[in-house]
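S.K.: Sequence:
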Amino acid sequence: MNTCYYDMPHLLRAALLSLLAIFALSAGSLRAEEGQPKARLSNSESKEAVSAAKAKSMAPPASAVSPGAERLKGTSEPTVKKRLENKPAPPQVSVPAEAKGSTEDRLAKRSQNKKPSPGSEKLLPSDSQSQGKLTIGAISQAQEQQSQLTFRARVDTGAKSCSIHAVKFVIKDPAEEMEDNIGKPIRVKIQNHRDESKWIDTKIGRLVRVKTSERAELRYAVPLLLVHGELEKEVSVTLNDRSHMVYPLLLGRNFLHGDFVVDVEIPQ
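Just so we're aligned: the sequence shown equals residues -32 to -1, 1 to 236 in mature numbering (1 follows the signal peptide of the UniProt record, and there is no 0).
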């Protein structure tokens, strides 16, 4: 039997040399690859690459395509045109006849069809309400029946009662308090716009508080029979010094109510 003797140091040395040779070959190949120059893109090629990248980023995803567009894919152009022609027209909105005319016509129709507001009937008399009533102007005249004196009169719908120019008056058995004289006989001298005056007999009906520019005053009111045209009406008339006023007689609402319609356009 032959015995082989190996020189161990010699084998180790050979193995190390083999490894070093393999490592050297690998390193040389890597250096050779790194030493090769990289190919550069031309300016035009780089611009085209950038544009392609932008277009790709801005392109909508496949899911963004509408279902109608997907259905139209693969459909011929005549078929698409036929579908569009057969598509029903949108419904037409009917325009009211009132809106077809001009603005002035519409406003005129609205004013004609407008209903009066509640309570407006009470402000203006209707034809049925004014039937049988006398028409009186802002300036008129009336006669005091007992004295037969005619007075120029101012018609005032803002005044509650009538007022007449009294020059003086005498109360039978007068009391100190004015309230205590209510119901007592009284003689009154009245005067019209022609300075014609006469005494009349009546009685004190009530007291009236009248507010003036200076103060509030209490005045006597007496019942008098006033005549306007063919109408005679007994009303409460306040006795007052109206010498500083143009019209010696004032016709208030208690005389006008129920019998007269005031028309301010009637000449004096």
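Please keep in mind that the hints were generated in silico from the structure rather than gathered at the bench.
Heads up, some of the hints might be wrong.
In the BS3-like style, the derived pairs of lysine-lysine whose C-alpha atoms are separated by at most 27 angstroms in a straight line are [claimed, not checked]:
hint, residue 1, residue 2
1, K101, K128
2, K101, K140
3, K140, K171
4, K101, K136
S.K.: For each hint, tell me whether it holds in the structure or not.
M.R.: The hints, checked one at a time:
Of the supplied pair hints, the one linking K101 and K128 holds, its CA atoms being roughly 19 angstroms apart against a limit of 27 angstroms. For the proposed pair K101 and K140, the alpha carbon gap of about 39 angstroms is over 27 angstroms, so the pair is violated. Note on K140 and K171: the hinted pairing holds, with a Cα-Cα distance of about 10 angstroms set against a maximum of 27 angstroms. Between K101 and K136, the direct Cα distance comes to roughly 35 angstroms. Violation of the 27 angstroms bound is thereby established for this hinted pair.
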